[in-house]
Amino acid sequence: MSFLTLEGIEAYYGPSQALFGVDLALGEGEVCALMGRNGMGKSSTIKVICRLLDHARGSLRFDGQDLASLPPHKAARAGLGLVPEGRRCFPNLSVYENLIAAARPGPWDFARVSDLFPRLAERRDQSAASLSGGEQQMLSLGRALMTNPRLLLLDEATEGLAPVVRQEIWAAVRRLKSETGMALLVVDKSLAELRQVADQCVILERGTTVWSGPMAEVTSTVADQYLGV
Amino acid sequence: MIREPHINTALFLLLPVTAGVAWLLDEPFIITLTTKVAILALAGVGLNIALGLGGLVSLGHAAFFGIGGYAMGILASHAQSYVPLMEVPFLIEGTKSMPVIWLVAVIAGGLAALAIGALSLRTSGVYFIMITLAFGQMLYYFAISWPAYGGEDGLSIYVRNGFPGLNTLDPVQFFGLAFAALAFVLFLAGRLAAAPFGLALCAARQNAERVETVGLSPYRLRLLAFVISGAITALAGALFADLNRFVSPTMLSWQMSGEIMIFVILGGVGRLYGPVAGAALFILLEHILGGLSDFWHIYLGLLLLLVVLFARGGMIGSLVRRELAHD
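Chains as they are written, first to last, in our numbering: chain A, 51 to 279; chain E, 1295 to 1621.
Since the hints were derived computationally from the structure, they do not count as laboratory data.
Certain hints may be false.
Claimed, not checked - These stretches of chain E come out as covered by chain A in the derived footprint (C-beta under 8 Å, 3 or more residues): (1) 1357–1371; (2) 1498–1504.
Unchecked claim - Using C-beta positions, here's what the derived DEER-type ranges look like: (3) 271/A <-> 1503/E: 37 to 43 Å; (4) 1503/E <-> 161/A: 25 to 31 Å; (5) 174/A <-> 1484/E: 18 to 24 Å; (6) 1297/E <-> 266/A: 35 to 41 Å; (7) 1603/E <-> 273/A: 55 to 61 Å; (8) 1440/E <-> 154/A: 44 to 50 Å; (9) 124/A <-> 1380/E: 38 to 44 Å.
Since this is a predicted model, take the numbers as computed values, not measurements.
Ideal placement from N, C-alpha and C gives every residue a C-beta, glycine not left out.
Taking the hints into account, I'd like the entire structure generated from these sequences.
So, in structure tokens, the structure goes:
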């Protein structure tokens, strides 16, 4: 049985339908890449999983639990950790305050996050708004880890970052996979990087799952057809 | 540049030093004014938890201030007349013990804030302001039409309530009590702001959706803050009623809510010692300008306008010249 299962998910923004039938299955400890061109429904799918967007039809289960009736904070407490698109920290809190504001008991604490991102420890008392984009992304990832999730969702975590910083983020993601066995659902456009970390891949097109399978089977033909790379 | 902790220390010392000097000069009126500052600052610290940390613009905080006042008035008046508060199903008598009155005020204020907050916090923005105002006015008109406790005329208590080991009729000893309550609540509010709860409350003010994605309910955070805020404001109300030995519906009026908010805005919204600075300035202006003109509120309004337009961090903010980290 899958850890996270989405079956036939349909969702709307007001009268506009964004998702027309998303299917996704992620096993415990697996890393799944969620791919697709811009506007194909990747972020909407993440929002549905986190309960930030209600789905109109379909089934959404996490660790055997139906998430459909849960408000977002309860879904997060069930074990979902979100690193949202656009490095959304709490800008007027310090780095440390950002991290402890939402901390929950578990293996991830400030020391462990600092070990993953030493730069955050160096900037501990600095306001989050004064951090560089890359540091804010590290903080956003660290904040999600401090909630001790069982499934971490990364929505375009490396978008708009300098190549060096992107490498740091990817290195952290690889460490998370190898050292923690945490399940990850990663939305990103970098096929090369995703090939190194992901076990599974799901490709969306116009709000529908059009391809899913092992990452190793994402051939250049598949990439050409659905991702335009 | 002046650092905020230095200003806070100066403000903290300002009240006991003023009361001490007034005691040495045998000026009990100044001690009473300083006591009033401490009590109104306490109400402001209460509001500041909701307004400064949680961003909840409540125009109904006088409800809690008045509930604290009436808790004192009702208990003390029954003790004064030796008539029990109720006999069935069990006997409840009045009391003239300040610790008991404070406890009742805090519980009553907290419960009222829980009920009002549970409904009001389902709204936001201008609707929240209006619904808190409506609840405040409901209680105001209820007090006016409650003849058992003085109705519109209010309720006088002839002897100040007692505190074990102290002569509360001595202005300096009563000041000591009010100041101790303020110091305790300032300590509590400081710890609260730095605790994960206070940080999450600040975060919810900045972006509620983001807070939800880390597993926290903004509604619950705000409700708890509102309850703590209401309980502290009620404690201030009980002390204020004891200071004047009088409680009336005015304590519940929207003007009172506005005044408490003015202390917070003048001193600096979200700054721990903002209400202390604001209440001190307010009482100073009331005392000095009030002696010169009956229309001193015009000058207060002008000052408030200047602070809102040019010193958004309030008096403390303009002295330290930096935005509050939690703004």
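* Beta-carbon spacing of residue 1440/E to residue 154/A - inside the hinted bounds 44 to 50 Å or not -> holds, 47 Å
* **residue 271/A versus residue 1503/E beta-carbon gap, inside 37 to 43 Å or not** => Distance hint for residue 271/A, residue 1503/E holds at roughly 39 Å.
* Given as covered by chain A, does the region 1498–1504 of chain E meet the bar of three residues or more with CB within less than 8 Å? -> holds (count 4)
* Asked: Do three or more residues from the region 1357–1371 of chain E put their C-beta atoms closer than 8 Å to C-beta atoms of chain A?
  -> Coverage by chain A is violated for the region 1357–1371 of chain E (0 residues, Cβ < 8 Å).
* Supplied distance hint 38 to 44 Å, evaluated on CB atoms of residue 124/A and residue 1380/E -> holds, 42 Å
* Asked: Between residue 1297/E and residue 266/A, does the beta-carbon spacing fit 35 to 41 Å?
  -> violated, 59 Å
* **Consistency of beta-carbon spacing, residue 1484/E to residue 174/A, with hint 18 to 24 Å** => holds, 20 Å
* Check the following: the C-beta atoms of residue 1503/E and residue 161/A are separated by a distance inside 25 to 31 Å. => For residue 1503/E and residue 161/A the Cβ distance comes to about 29 Å; the hint holds.
* To do: State, for the Cβ atoms of residue 1603/E and residue 273/A, whether the hinted interval 55 to 61 Å holds or is violated.
  => Because 57 Å falls inside the window, the suggested range holds.
Hint check: violations occur at hints 1 and 6; the rest are consistent with the structure.
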